[in-house]
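J.: One letter stands for each residue in the lines below.
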Amino acid sequence: MSSVEMKNITKMYDKVTVLKDLNLKIDDQEFFVLLGPSGSGKSTTLNTMAGLDTPTSGNILFDSEDVTYFDPNKRGVAMVFQDYALYPHMNVYKNMAFPLKMKRYKNDYINKKINEVANILGIKELLKRLPRELSGGQAQRVALGRALVRDPKIFLLDEPLSNLDAKIRSQIRNELKLIHNDLKKTFVYVTHDQQEAMYLGDRVGILNDGVIQQVGTPQEVYSHPKNLFVAKFLGEPEINIFELDKNDGGFKIGGVPVDGHNFDKLNKITIGIRPENILLEKKSERDMPLKIVIRAKEFTGSGFIIIASTDEGKEIRIISDQANMDVGDLITAYIDYEHAILFDEQGDSINK
Amino acid sequence: MIKIKLRFIVVYLILTLLALAFLIPFIWLVVESFSPLNNIGFTIPSTFTLAPFEHVLTNSTFIRSIYMGLIQSLGATFLSIIFAVGPAYVFSRKSFKFKTTLLLGVLLLTGFPVFSLLVPTFIFFIDTGLYNTVIGVILFLGVLNLPIDIWIMKNSFDQIPKSIERASIVDGAGTLKSLIYIFIPLSLPIMAVLIILNFVINWGNFYVPFILLSSSHLLPISVRIYSFFGAFSVRYNELAALSIIYTIPAVVLYIFAQKYMIKALSGGIKG
Chain A
1 MSSVEMKNIT KMYDKVTVLK DLNLKIDDQE FFVLLGPSGS GKSTTLNTMA
51 GLDTPTSGNI LFDSEDVTYF DPNKRGVAMV FQDYALYPHM NVYKNMAFPL
101 KMKRYKNDYI NKKINEVANI LGIKELLKRL PRELSGGQAQ RVALGRALVR
151 DPKIFLLDEP LSNLDAKIRS QIRNELKLIH NDLKKTFVYV THDQQEAMYL
201 GDRVGILNDG VIQQVGTPQE VYSHPKNLFV AKFLGEPEIN IFELDKNDGG
251 FKIGGVPVDG HNFDKLNKIT IGIRPENILL EKKSERDMPL KIVIRAKEFT
301 GSGFIIIAST DEGKEIRIIS DQANMDVGDL ITAYIDYEHA ILFDEQGDSI
351 NK
Chain B
1001 MIKIKLRFIV VYLILTLLAL AFLIPFIWLV VESFSPLNNI GFTIPSTFTL
1051 APFEHVLTNS TFIRSIYMGL IQSLGATFLS IIFAVGPAYV FSRKSFKFKT
1101 TLLLGVLLLT GFPVFSLLVP TFIFFIDTGL YNTVIGVILF LGVLNLPIDI
1151 WIMKNSFDQI PKSIERASIV DGAGTLKSLI YIFIPLSLPI MAVLIILNFV
1201 INWGNFYVPF ILLSSSHLLP ISVRIYSFFG AFSVRYNELA ALSIIYTIPA
1251 VVLYIFAQKY MIKALSGGIK G
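Each protein sequence line maps, in turn, to chains A and B.
Per this note's numbering, the very first residue in the first sequence carries number 1; after that it's consecutive.
Per this note's numbering, the very first residue in the second sequence carries number 1001; after that it's consecutive.
Looking at chain A on its own, in the form it has when it is part of the complex (with noise of 0.2 Å):
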């Protein structure tokens, strides 16, 4: 049982503010998931989150208790490296044990709580090994166990995937996702995979500069970015932008004109279209029209990316399930209006 609030944490490094008036609240059992490009502060906020870092200013609320200025090991926390952190000279059964027997737990214990999770990561095994011995896969499944046998309170996780092949990576995910359901223990993720971080997050923050861009399900952030930073960071292939100057007192694509309200007090707008809202039949009149030709190709499995270039000579992306056109086609596609997301010129989105 725990719930997790960050109240108007900032954080300088000599001169360097690293997080700015940072405000999280994470639920109880939740798995949040903290995404951003590198050096965004994600990390930082991690380990503010475990004592690792204290912040300059601002308080971390565990419970309502507040743990801000708490040594890590009574904060009941654990955390799951990049790297791993295994312990290079212990055997995998030591790594594991080492944190019950820092809290002088009895060895009987300690013996029936690893081979418990051992079982359950399928590493029994592997107890006796080094972990110079292990794989990438293995190695991390280990760090986990050695999370996993504390009991945490709160599951800290900081890139744990980041530095794994991509069948382990994705075969991982699952379990880690399977854990959380069975524990229902408050986790924590940080990493910069987008894809992850939607396929993992009940909800899913997004960082950058320091800052919280917004937090919501992984939905509502993917249909509905807050701003272009947003918008731009999810999604693969990325967001389509079109960038609208006023033209005639209002804004057009292809004769077709884009409103909204309050537009007329805008000089300038942006429009985002994911890839798989470029339509290549008109569905409503409000939809607007777009000439391009076909550059390439690319056949995904489940469906084509078509990769386009307008008459402005912009490159666009297309995701489609048919792809019964060439490369140099000249074809006309269409921008949903329906799921058009609208910017301001300071990238914050606006009601249509």
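Note that these hints are calculated values from the structure, not bench results.
Computed from a predicted model, the values in this text were never measured in an experiment.
Among the hints, a few may not be true.
[What the hints assert, rightly or not] Sample of chain B residues facing chain A (criterion: CB under 10 Å; computed from the structure): (1) K1094; (2) I1160; (3) R1166.
[Said to hold, decoys possible] Taking beta-carbon pairs under 8 Å as the criterion, some of the chain B residues facing chain A (in silico): (4) I1169; (5) G1172; (6) K1177; (7) P1185; (8) L1186.
All C-beta atoms in this analysis are idealised placements derived from N, C-alpha and C, irrespective of residue type, glycine included.
Given the coordinates of chain A, work out where chain B should sit on it, guided by the hints.
T.: Structure of chain B alone, referenced to chain A:
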């Protein structure tokens, strides 16, 4: 082909001569230590005998000097290793004001001619009653090696990944436990090397015990060997025997710590 072969021969000839230059004193030492007293100089003795060793090893003065040498060298070695761990950890992991200045100060001390401090130390030791005591020698020898020990151990600690330290802290180890369970075990290879280096330096140190001790029953073997060059004649065979005994602890330590030495000198700690 011939050119290459010629070069090969010349190189090996030079190397062999060099090796001989280094080996001859050792061979002479070994031969001399098994010779009777009348055999002086670099000649093949008429008979081989164990008498020099027997004489040295039954002489309680010499035995005592070996014992004193061991106590003083080992004592000073452990003193400096134990006192190096803390500063090395702090220098490696904590940030504080004037850290770089202090660290450079330590580095400067590693090359400082500490023997120049022997005279003030001598007077200080007389005033404080440390003069002519084993503890006094251990303290001075220990401090002598402390800067280089701190420096080397700090570099060894630097190689331990930060995430491992962080993991141990989150796992519930405080600074001290993290030091005992993580840092020191991971630095064992370096520590083994340091123990050998310190021991060999202390064991071979002549000046410090020579100046800080006066009672002959406290003199370590390094000083005792010197006493062979007495007023009347030099017993070269016994001198040689004691010299060989003198080299044994260092050689034994090297053999025991070989595994760690190789590890320490060929890559250190791997995560």
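J.: All hints are to be evaluated individually against the structure, with a verdict given for each.
T.: Going down the list of hints, with the structure as the test:
no.: 1; hint: K1094; verdict: violated (14 Å)
no.: 2; hint: I1160; verdict: holds (9 Å)
no.: 3; hint: R1166; verdict: holds (5 Å)
no.: 4; hint: I1169; verdict: holds (5 Å)
no.: 5; hint: G1172; verdict: holds (4 Å)
no.: 6; hint: K1177; verdict: holds (7 Å)
no.: 7; hint: P1185; verdict: holds (5 Å)
no.: 8; hint: L1186; verdict: holds (6 Å)
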